[in-house]
Amino acid sequence: MTTIEHRPNTALLVIDVQNAVVEGAYERDAVVANIGRLVETARREGVPVVWVQHHDEELVRGSVEWQIVPELTPGDGEPLVEKSYGDSYEDTTLESVLAGLGVGRLVVAGAETDACIRSTLHGAFARAYDAILVGDAHTAQDKSAWGAPPVEQVIAHTNLYWRFQAAPGRTAGTVETKEVVFGGVNA
Numbered sequence: 001m002t003t004i005e006h007r008p009n010t011a012l013l014v015i016d017v018q019n020a021v022v023e024g025a026y027e028r029d030a031v032v033a034n035i036g037r038l039v040e041t042a043r044r045e046g047v048p049v050v051w052v053q054h055h056d057e058e059l060v061r062g063s064v065e066w067q068i069v070p071e072l073t074p075g076d077g078e079p080l081v082e083k084s085y086g087d088s089y090e091d092t093t094l095e096s097v098l099a100g101l102g103v104g105r106l107v108v109a110g111a112e113t114d115a116c117i118r119s120t121l122h123g124a125f126a127r128a129y130d131a132i133l134v135g136d137a138h139t140a141q142d143k144s145a146w147g148a149p150p151v152e153q154v155i156a157h158t159n160l161y162w163r164f165q166a167a168p169g170r171t172a173g174t175v176e177t178k179e180v181v182f183g184g185v186n187a
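Note that the UniProt record's numbering has the sequence shown beginning at 1, numbered continuously upward.
Since the hints were derived computationally from the structure, they do not count as laboratory data.
Hints are supplied without guarantee of correctness; some may be wrong.
[Said to hold, decoys possible] Estimated spans, in silico, between C-beta atoms of each pair: (1) Glu23 x Glu176: 21 to 27 angstroms; (2) Glu65 x His6: 35 to 41 angstroms; (3) Pro74 x Phe164: 30 to 36 angstroms; (4) Gly100 x Ala145: 19 to 25 angstroms; (5) Arg44 x Ala145: 40 to 46 angstroms; (6) Val181 x Asp56: 18 to 24 angstroms; (7) His6 x Lys143: 27 to 33 angstroms; (8) Glu71 x Gly183: 21 to 27 angstroms; (9) Gly100 x Glu152: 17 to 23 angstroms.
Predicted model, so just to flag it, every value in this text is computed and none were measured.
Glycine is no exception: its CB is placed at the ideal position from the N, C-alpha and C atoms.
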């Protein structure tokens, strides 16, 4: 369990599922559908859904490319955290949003696996959060032209190493969408 005192709640953290970020991403439609299922389950169970949306000089705030994909719509009252760094905590309101919700445990989904997902998972874990990665609900675009492995290998490796992440008093791990139980031990 998290080592953050008085923060027993879980939240679903949906990172950067924006038009330009997931355009052409590996298994985009299946991943977006899995995230949609997670969002529906979280809402049904009264678990907060926190949305993260990236912006920078290439992903301009307010543009079509910057918008969250049309298949997913943040609900009224669901927090939206804007960021301009890989780690969703850096120079954002994420920590205060999670504190206000009493959250010490995150279930993480979104994009991109090899950038913002990894950075945020490590940022959460280093800040004493429990951090569970949904293994079939994150994706990335192909960066093999720059020397990266194929996306499916990036995803598989991230799922593998996060499954075995450990630290005193904190929980990490990787589960599939169908295994997520927000109030239970799997997520």
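Against the structure, the hints:
1. Glu23 x Glu176: 21 to 27 angstroms: 24 angstroms, holds
2. Glu65 x His6: 35 to 41 angstroms: 39 angstroms, holds
3. Pro74 x Phe164: 30 to 36 angstroms: 32 angstroms, holds
4. Gly100 x Ala145: 19 to 25 angstroms: 42 angstroms, violated
5. Arg44 x Ala145: 40 to 46 angstroms: At 41 angstroms between Cβs, range holds.
6. Val181 x Asp56: 18 to 24 angstroms: Violated, at about 36 angstroms.
7. His6 x Lys143: 27 to 33 angstroms: Taking Cβ atoms as reference, His6 and Lys143 lie about 40 angstroms apart, which means the hint is violated.
8. Glu71 x Gly183: 21 to 27 angstroms: Holds, at about 26 angstroms.
9. Gly100 x Glu152: 17 to 23 angstroms: Given range 17 to 23 angstroms: violated, Cβ gap about 37 angstroms.
Taken one by one, the earlier hints fail for this structure at numbers 4, 6, 7, 9, listed in ascending order.
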